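A.B. asks: Residue numbers (this note's numbering), protein chains in the order written: chain A, 25 to 178; chain B, 25 to 178; chain C, 25 to 178; chain D, 25 to 178; chain E, 25 to 178.
The reader is advised that the hints may include incorrect statements.
Note: identical chains are not told apart, hence a pair may lie in one copy or across any two.
[Said to hold, decoys possible] Calculated lysine-lysine pairs in the DSS-like style (CA-CA distance at most 25 angstroms, straight line):
id	residue 1	residue 2
1	161	132
2	132	79
3	80	136
4	161	79
5	136	161
6	161	80
Everything labelled a hint here was simulated from the structure, so no lab data went into it.
Predicted model, so just to flag it, every value in this text is computed and none were measured.
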Amino acid sequence: MKIIGVADTTFARVNMAAEAIDELRATGTGFRIERYTVPGVKDLPVACKKLFEEKKCDMVIALGMPGAQAIDKVCAHEASTGLIQVQLMTSKHIIEVFVHEDEAESPKELKKLASNRAREHAVNAYDLLFRPERLAKLAGTGQRQGFADAGRID
Amino acid sequence: MKIIGVADTTFARVNMAAEAIDELRATGTGFRIERYTVPGVKDLPVACKKLFEEKKCDMVIALGMPGAQAIDKVCAHEASTGLIQVQLMTSKHIIEVFVHEDEAESPKELKKLASNRAREHAVNAYDLLFRPERLAKLAGTGQRQGFADAGRID
Amino acid sequence: MKIIGVADTTFARVNMAAEAIDELRATGTGFRIERYTVPGVKDLPVACKKLFEEKKCDMVIALGMPGAQAIDKVCAHEASTGLIQVQLMTSKHIIEVFVHEDEAESPKELKKLASNRAREHAVNAYDLLFRPERLAKLAGTGQRQGFADAGRID
Amino acid sequence: MKIIGVADTTFARVNMAAEAIDELRATGTGFRIERYTVPGVKDLPVACKKLFEEKKCDMVIALGMPGAQAIDKVCAHEASTGLIQVQLMTSKHIIEVFVHEDEAESPKELKKLASNRAREHAVNAYDLLFRPERLAKLAGTGQRQGFADAGRID
Amino acid sequence: MKIIGVADTTFARVNMAAEAIDELRATGTGFRIERYTVPGVKDLPVACKKLFEEKKCDMVIALGMPGAQAIDKVCAHEASTGLIQVQLMTSKHIIEVFVHEDEAESPKELKKLASNRAREHAVNAYDLLFRPERLAKLAGTGQRQGFADAGRID
Chain A
25 MKIIGVADTT FARVNMAAEA IDELRATGTG FRIERYTVPG VKDLPVACKK LFEEKKCDMV
85 IALGMPGAQA IDKVCAHEAS TGLIQVQLMT SKHIIEVFVH EDEAESPKEL KKLASNRARE
145 HAVNAYDLLF RPERLAKLAG TGQRQGFADA GRID
Chain B
25 MKIIGVADTT FARVNMAAEA IDELRATGTG FRIERYTVPG VKDLPVACKK LFEEKKCDMV
85 IALGMPGAQA IDKVCAHEAS TGLIQVQLMT SKHIIEVFVH EDEAESPKEL KKLASNRARE
145 HAVNAYDLLF RPERLAKLAG TGQRQGFADA GRID
Chain C
25 MKIIGVADTT FARVNMAAEA IDELRATGTG FRIERYTVPG VKDLPVACKK LFEEKKCDMV
85 IALGMPGAQA IDKVCAHEAS TGLIQVQLMT SKHIIEVFVH EDEAESPKEL KKLASNRARE
145 HAVNAYDLLF RPERLAKLAG TGQRQGFADA GRID
Chain D
25 MKIIGVADTT FARVNMAAEA IDELRATGTG FRIERYTVPG VKDLPVACKK LFEEKKCDMV
85 IALGMPGAQA IDKVCAHEAS TGLIQVQLMT SKHIIEVFVH EDEAESPKEL KKLASNRARE
145 HAVNAYDLLF RPERLAKLAG TGQRQGFADA GRID
Chain E
25 MKIIGVADTT FARVNMAAEA IDELRATGTG FRIERYTVPG VKDLPVACKK LFEEKKCDMV
85 IALGMPGAQA IDKVCAHEAS TGLIQVQLMT SKHIIEVFVH EDEAESPKEL KKLASNRARE
145 HAVNAYDLLF RPERLAKLAG TGQRQGFADA GRID
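The shape of chain A in the complex, shown without the other chains (with noise of 0.2 angstroms):
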């Protein structure tokens, strides 16, 4: 049985951990989830060592929504700093999902984008876990979590 750790925060305008969560469990069993829900992306990092630590996690999918302002670009690149480091600390995966104010023209797209870009990812996690062999078979094409995927090169 492993454990996949879902973090995420209070910030984010959708409940991309829920649609996380559910994508998980239909695609497959073998694991069980631990839950840590933060107020923003920066205290995501350390959320994410604790569930490693405290929780035992063997993954950790990571959910975050940055608003579209200079700073919350800053503060998502400290955070995606900080997310690096645990994995290397820690030898594990963080499947960091984020979605960012500003990569949609409306809200109902942006949760559209949230939900879409959650699931696509919780597969991701799940393959990493558990058949990393079809990650392989998908090098180089061009996969994209939340948009149309962008295609191989011909």
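With chain A's structure known, arrange chains B, C, D and E on it following the hints.
C.D. replies: Positioned in the frame of chain A, the structure of chains B, C, D and E alone reads:
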């Protein structure tokens, strides 16, 4: 009895630490406070590390008010990066409460923003330490600190 | 027998790993290859760390194709920073082969660039591992990977 | 007897270390000084680490004067990031005293600014080490080093 | 007998390492040199770490010539950050000698600048290792490497 560290700066133009402590005390019990004041935000990371190591804090609230110039933005970024590093070294949360001088249009607004953000993040800190289920219920609901909440997209 | 790790992404639009492996095999012997495919470039640092730790690789080639948007540039920067960190944690080389989507003017050119860069860096990786004196002879000669060499200034 | 390290550069155009040391001596006793001069600000982080490790310093003041070009700003950022890292590795304070060449409009002003900032930060360093309660009293009062204090917002 | 590492790249368009070594030998004795050539500046951090660990160097001179594009600036920043990290991991100096392609207006000027900077920094490296008092005397005197000294402000 938990120990909450409160680190702040002489650079800030509002006594945000006093606001945070007042709010913490209004929110609940079961903790005592350790204060540490340093010159500027770049001194906060090591101050927080010392609060964890020397004062055995369980969590730290780090408050600062970066200026509005380009160089101040860089300082804030360096400080934030350091605060995340400390969290990863100690596996403990630091709630960063930074208010940028250019987030408000007048000194009066700035003071109000600083007070509100310090108070709302004090509650976040309390929740992380004593009642994390309260944050879990707010996952993906667009919470903001100091400004009106953005809310959940429906 | 040395072990060369080859880490790549499903995000890339060209199978750069296949090009690198083909070139490695055309260049020499004395090694075997461990493949690892992850979703995007930000997943590469921990993938490389795992290749070193779990697969005992002596070196890794990390291939990715960041997009052309500002946010993709930030992702690439975070990934590169992480790749350097892994090298410093393990004291082993990672040859980073990133091709930015805006380095070429058409998909066809991009594919050619990706192929050439992957192949030229595969030779660099081979040289670092098996014949470093070959790189020493090229010191300061303006070598480029994927584009024409800039050459030595005379 | 405490040991205060003073690290500076040959790049700076003002002998800021001499100003800081003069002010330290005018401020109090109970310490001796270890000097270390390096070429530029990017050499300061390891210089400070060596001062802590090899000279057993209890605190370091790191002084530098980055140039006005874009590349100088990047150098200063790298140096500052390193100085924070050293503090986190040693759990000791480094008071960074950087004066950017474009903070003043004439060489004369720049010299005055460098002297004032070095002196005011020397007092901060002394306070951190010997009388932290003095800083605590100044929390949130808008202190500045080298320029007039911004003051508390009322 | 001290050991000075000299790490450089095949990307650079001038053999800066040869200039640095020539100048080191003209400056003094008591050391021998270990060379290491890698493809680009981002490979320098681990190269330096290996020089310290595997070749027992007491100091390293790291030479590179980043290009003029925005992406080259980012690469140089990542490399510099890594070089500082190595210094902090080993408590030994790395003298970074980077010449950006856009620092000069013609290839001829660029070559001259690269040669001068490599030579002046070779003397800095020698001084740090063998006669630090020489740098101490130059504290705050506006030294530059490759260009005319800025000088002390009077």
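A.B. asks: Each of the hints needs a verdict: does it hold here or not?
C.D. replies: Hint by hint, here is what the structure shows:
no.: 1; hint: 161 x 132; verdict: between (33 angstroms within a copy, 22 angstroms between copies)
no.: 2; hint: 132 x 79; verdict: neither (35 angstroms within a copy, 45 angstroms between copies)
no.: 3; hint: 80 x 136; verdict: neither (32 angstroms within a copy, 42 angstroms between copies)
no.: 4; hint: 161 x 79; verdict: between (32 angstroms within a copy, 20 angstroms between copies)
no.: 5; hint: 136 x 161; verdict: between (27 angstroms within a copy, 21 angstroms between copies)
no.: 6; hint: 161 x 80; verdict: between (29 angstroms within a copy, 23 angstroms between copies)
Of the numbered hints stated above, those contradicted by the structure are hints 2, 3, listed in ascending order.
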